[in-house]
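Given these sequences and hints, build the entire structure.
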Amino acid sequence: MKLVIIVLCLVAIVLAADKYNDLNDDFNISEVLDNERLLYSYGKCLLNNGPCTPEIKQVKEKLPEALETRCAKCTEKQKQTGKQLARELKKHHPELWKDLVAKYDPQGKHQQAFQDFLASP
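For the sequence shown, the working numbering begins at 121 and goes up steadily by one.
Calculated directly from the structure, the hints in this document are not laboratory data.
Here a beta-carbon is modelled for each residue, glycine too, at the ideal position from N, C-alpha and C.
There may be inaccurate statements among the hints.
Said to hold, decoys possible - Cut-off 20 Å, straight-line C-alpha distance, at most; resulting in silico cross-link-like pairs (SDA-like, lysine to any residue): (1) Lys-218 to Leu-167; (2) Lys-203 to His-213; (3) Lys-164 to Lys-223; (4) Lys-223 to Gln-178; (5) Lys-180 to Leu-166; (6) Lys-218 to Val-152; (7) Lys-164 to Trp-217; (8) Lys-218 to Arg-207; (9) Lys-210 to Tyr-224; (10) Lys-193 to His-230; (11) Lys-180 to Val-152; (12) Lys-210 to Leu-153; (13) Lys-203 to Asn-155; (14) Lys-197 to Glu-151; (15) Lys-182 to Pro-171; (16) Lys-211 to Pro-241; (17) Lys-197 to Val-152; (18) Lys-218 to Leu-183; (19) Lys-177 to Asn-155; (20) Lys-164 to Asp-154; (21) Lys-203 to Trp-217; (22) Lys-223 to Leu-167; (23) Lys-182 to Thr-195; (24) Lys-211 to Val-152; (25) Lys-177 to Leu-166; (26) Lys-210 to Asn-148; (27) Lys-199 to Pro-241.
Said to hold, decoys possible - Computed beta-carbon distance windows for the label pairs: (28) Phe-147 to Glu-185: 17 to 25 Å; (29) Arg-157 to Lys-180: 14 to 22 Å; (30) Gln-227 to Glu-151: 28 to 36 Å; (31) Lys-182 to Glu-151: 16 to 24 Å; (32) Glu-151 to Lys-229: 29 to 37 Å; (33) Pro-174 to Asp-138: 18 to 26 Å; (34) Glu-156 to Thr-189: 29 to 37 Å; (35) Gln-178 to Ser-150: 13 to 21 Å; (36) Asp-225 to Lys-164: 15 to 23 Å; (37) Lys-182 to Asp-236: 17 to 25 Å; (38) Lys-177 to Gln-200: 16 to 24 Å.
Now the structure itself:
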């Protein structure tokens, strides 16, 4: 019986490690998108051109891996937030979008995967 409990605990730990931390899943992306000053401040952080808040620093640290793995470790909320942010930046702030793409995907190797990600429900 003890062995079963230990194995279940280990499985739970492994499954929990398969996703990014969900502590910031309540982050309101609409507040950022509706506030140009805040949006560009966060953009500067992601582009290494300005200071970072702890939340955006976490995003910045995980972004390369998330792009590489097609957001495999993202929670559903993180995926939805990422899609909303990308769509809004591409449409309303193309210069910031271009700078972010140049920084995080300079060879364009994630473009098709990212388009597929944006097209998914």
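Results of checking the hints against the structure:
1. Lys-218 to Leu-167: With a Cα-Cα distance of about 11 Å, the restraint between Lys-218 and Leu-167 holds, given a limit of 20 Å.
2. Lys-203 to His-213: 15 Å, holds
3. Lys-164 to Lys-223: Distance of about 12 Å is within 20 Å: holds.
4. Lys-223 to Gln-178: Holds: Lys-223 and Gln-178 sit about 17 Å apart, inside 20 Å.
5. Lys-180 to Leu-166: At roughly 6 Å apart (the allowed maximum being 20 Å), Leu-166 and Lys-180 satisfy the hint.
6. Lys-218 to Val-152: 18 Å, holds
7. Lys-164 to Trp-217: Between Lys-164 and Trp-217 the Cα gap is close to 12 Å, so the pair holds against 20 Å.
8. Lys-218 to Arg-207: It holds: about 13 Å lies between the C-alpha atoms, which stays within 20 Å.
9. Lys-210 to Tyr-224: Measuring from Cα to Cα gives roughly 15 Å; hence the hint holds.
10. Lys-193 to His-230: With Cα atoms ~16 Å apart, Lys-193 and His-230 stay inside 20 Å; holds.
11. Lys-180 to Val-152: Holds, at roughly 16 Å.
12. Lys-210 to Leu-153: The hint holds at about 12 Å.
13. Lys-203 to Asn-155: 18 Å, holds
14. Lys-197 to Glu-151: 16 Å, holds
15. Lys-182 to Pro-171: 17 Å, holds
16. Lys-211 to Pro-241: 19 Å, holds
17. Lys-197 to Val-152: Holds, at about 16 Å.
18. Lys-218 to Leu-183: 16 Å, holds
19. Lys-177 to Asn-155: Cα-Cα ~19 Å, so holds.
20. Lys-164 to Asp-154: Holds. Lys-164 to Asp-154 sits at ~17 Å (cutoff 20 Å).
21. Lys-203 to Trp-217: 13 Å, holds
22. Lys-223 to Leu-167: It holds: about 7 Å lies between the C-alpha atoms, which stays within 20 Å.
23. Lys-182 to Thr-195: Distance ~13 Å between Lys-182 and Thr-195 Cα, so the pair holds.
24. Lys-211 to Val-152: Distance ~15 Å between Lys-211 and Val-152 Cα, so the pair holds.
25. Lys-177 to Leu-166: Roughly 8 Å separates the two Cα atoms, so the pair holds.
26. Lys-210 to Asn-148: Holds - the C-alpha atoms of Asn-148 and Lys-210 are around 19 Å apart, at most 20 Å.
27. Lys-199 to Pro-241: 10 Å, holds
28. Phe-147 to Glu-185: 17 to 25 Å: Check passed, 19 Å falls within 17 to 25 Å.
29. Arg-157 to Lys-180: 14 to 22 Å: 19 Å, holds
30. Gln-227 to Glu-151: 28 to 36 Å: 33 Å, holds
31. Lys-182 to Glu-151: 16 to 24 Å: Distance hint for Lys-182, Glu-151 holds at roughly 21 Å.
32. Glu-151 to Lys-229: 29 to 37 Å: 32 Å, holds
33. Pro-174 to Asp-138: 18 to 26 Å: Since Pro-174 and Asp-138 have Cβ atoms about 23 Å apart, the given range 18 to 26 Å holds.
34. Glu-156 to Thr-189: 29 to 37 Å: 31 Å, holds
35. Gln-178 to Ser-150: 13 to 21 Å: 19 Å, holds
36. Asp-225 to Lys-164: 15 to 23 Å: Once the Cβ atoms are compared, 19 Å apart, the range 15 to 23 Å for Lys-164 and Asp-225 holds.
37. Lys-182 to Asp-236: 17 to 25 Å: 20 Å, holds
38. Lys-177 to Gln-200: 16 to 24 Å: 21 Å, holds
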